[in-house]
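Take the sequences, apply the hints, and build the full model.
Those sequence lines, one after another, are chains A and B.
Under my numbering, the letters of the first sequence match residues 1 to 206, in that order.
Under my numbering, the letters of the second sequence match residues 207 to 549, in that order.
These aren't lab readings, by the way, just hints derived from the structure by calculation.
Check before you lean on any hint, since a few could be wrong.
Unchecked claim - Short, incomplete list of chain B residues facing chain A, as computed with Cβ under 8 Å:
1. A274
2. V317
3. L339
4. A342
5. A346
6. Q358
7. T433
This one's a predicted model, so the numbers in the text were calculated from it and none came from an experiment.
Where is the CB? At the ideal position from N, CA and C, for every residue including glycine.
Each chain, written out:
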Amino acid sequence: MLSNDDSWGIGMHGLVNGAIQSFVINTYGRERWTHVTEAAGLGFAEFEAMLTYDDALTEAVLDALCAELCRERGEVLEDLGTYLVSHPAVEALRRLLRFGGETYVDFLLSLDDLPDRARLAVSDLHLPALELREQGAGRYELSCGPDLPGFGCVMMGILRAMADDYGALVMLDHDGNRDGVEVIVITLIEMAFAKGRAFDLGARAG
Amino acid sequence: MMGPDALADLLARLCPMHLMLDEEGVIRDVGPTLQKLRPDAPMQGRRFLDLFDLTRPRAVPRFSDLLAEPGVKLNVVFRDTPHTALKGQLAVIPGGAVVALSFGISLLDAVRDYALTSADFAATDLAIELLYLVEAKSAAMEASRQLNQRLQAARISAEEQAFTDTLTGLKNRRAMDHVLTRKSGVGLCYSVMHIDLDFFKQVNDTLGHAAGDYVLQQVARVLVEETRREDAVARVGGDEFVVVFDNLTDRPRLRRIALRLIERLEQPMQFRGRPCAISASIGIAPSVEQPDCAPAELLRRADLALYTAKRAGRATFRFFDPHSCAAEVETAPTARMGPPRLG
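And the structure:
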């Protein structure tokens, strides 16, 4: 599903690398992050969020991380997505995603704008194109563009965690890779399944 | 023709911060979001100008004056607290007027003060996008700020480890310490010359720091030109310089160098058309005259000799005198000059 020799576009944004670093440190501890950076041969231990790095470094880190954890890359990336929405250390990102709408469906419909929204905030951050197709009966198909292989897996984690955030009950399926485009099938079972987490427009994340 | 109820219903949906006013300026209908700002004080039935203070257009004594300007843009502030500022537009309709209001730049405070949600805004309102943008930009700015702080810290640490004085390109004090440390072997032949500029403070005070910096750069140039490649020239303080002469302890030769330095430094320099007149006092300590003397001690003795030169009226030099533990007086011809006139 995910090939390691795929390139992740031209120049990986430090925010992406920083997200991976934050995920590993806050989930598995700094010591394991140090192992990963050494195994990947980075030569440094901290990514800067506002700099750009060679794609090969991100690849090397992900390879080293999967080897360190003895897990498939797809699983690790999905966990990364879940982390980005649910961990207090990255609360700001969850808030930005909640600006997508009042309900989980509003949020899904706002995903088409996500790359543009990201670019509005950080002009050199390019995320793959996202396209949501409504198929009726609570079924949606999300296509993730080919620029960032594995981004679909990260989106799986984000969609799952955001469903919890909104209190919606959904089923998600990674429907594989069509010419580099990853497709996720989302089945909405119940919009208001649980209470979800509060979102106060005026309470800015510190 | 649409009736008032149908119009109010339409406005409530498309423009949730509207007011419908009659010809007297009494509020007949209010949008749900606007009413949410004063949940315990129904606006219906109150006068528009009693509820709001008009900040633009100014000097409108009566409501009827507003009606005379169809389409006028309004800036208003709640008369009671919180004094939220709103912007809006008034449109005259048969029997009164409709005022459409929005938060404008007060949006950030308003969502906090009134616990607004995205449902309180019309779908066409860019309020949510604006809030998103403020938060996203703040997060990005914070990340940039942290990067800048780390870069600044790295720069300071790099400067602390540097060996070059950035203003003059000479060695700095750290570099000079390293040079002197390498001279700590017994019997090495070298001399330390400590140079302090005279009247430099006056240049700084009267002509400014840019002139002072220029003078320091010219001094550095003279010092480099008047010494050999194997000598170490350093700026060790604001207007203090040290030269370590390698393999040179000959007094007549050191005297000639000191005289030549003073003479050249006294030549008038021009900074933006204004003359900068300085001189220099110099203390000299040759190593062979104090054979067991550590480099740091030799530097201290050069400093003592400099102090004596200063006390002797400046613009002169002194050798350190090992017997009297005071600097030996060697009168230089230029020492008679006195302070150069300042421009």
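The hints, checked one at a time:
1. Because the closest C-beta pair between A274 (chain B) and chain A is about 39 Å apart, greater than 8 Å, the hint is violated.
2. Proximity of V317 (chain B) to chain A holds as hinted, the smallest CB-CB distance being about 4 Å (cut-off 8 Å).
3. Of the supplied interface hints, the one on L339 (chain B) holds, with its beta-carbon coming within about 6 Å of a beta-carbon of chain A, less than 8 Å.
4. For the restraint placing A342 (chain B) at the interface with chain A, the shortest Cβ-Cβ distance is roughly 3 Å, inside the 8 Å limit, so the hint holds.
5. The restraint placing A346 (chain B) at the interface with chain A holds, with a minimum CB-CB distance near 5 Å, inside the 8 Å limit.
6. Checking Q358 (chain B) against chain A by beta carbon gives a least distance of about 13 Å; that is not within 8 Å, so the hint is violated.
7. The beta carbon of T433 (chain B) comes no nearer than 42 Å to any beta carbon in chain A, farther than 8 Å, and the hint placing it at the interface is violated.
In this structure, the earlier hints numbered 1, 6, 7 are contradicted, and the remaining ones agree with it.
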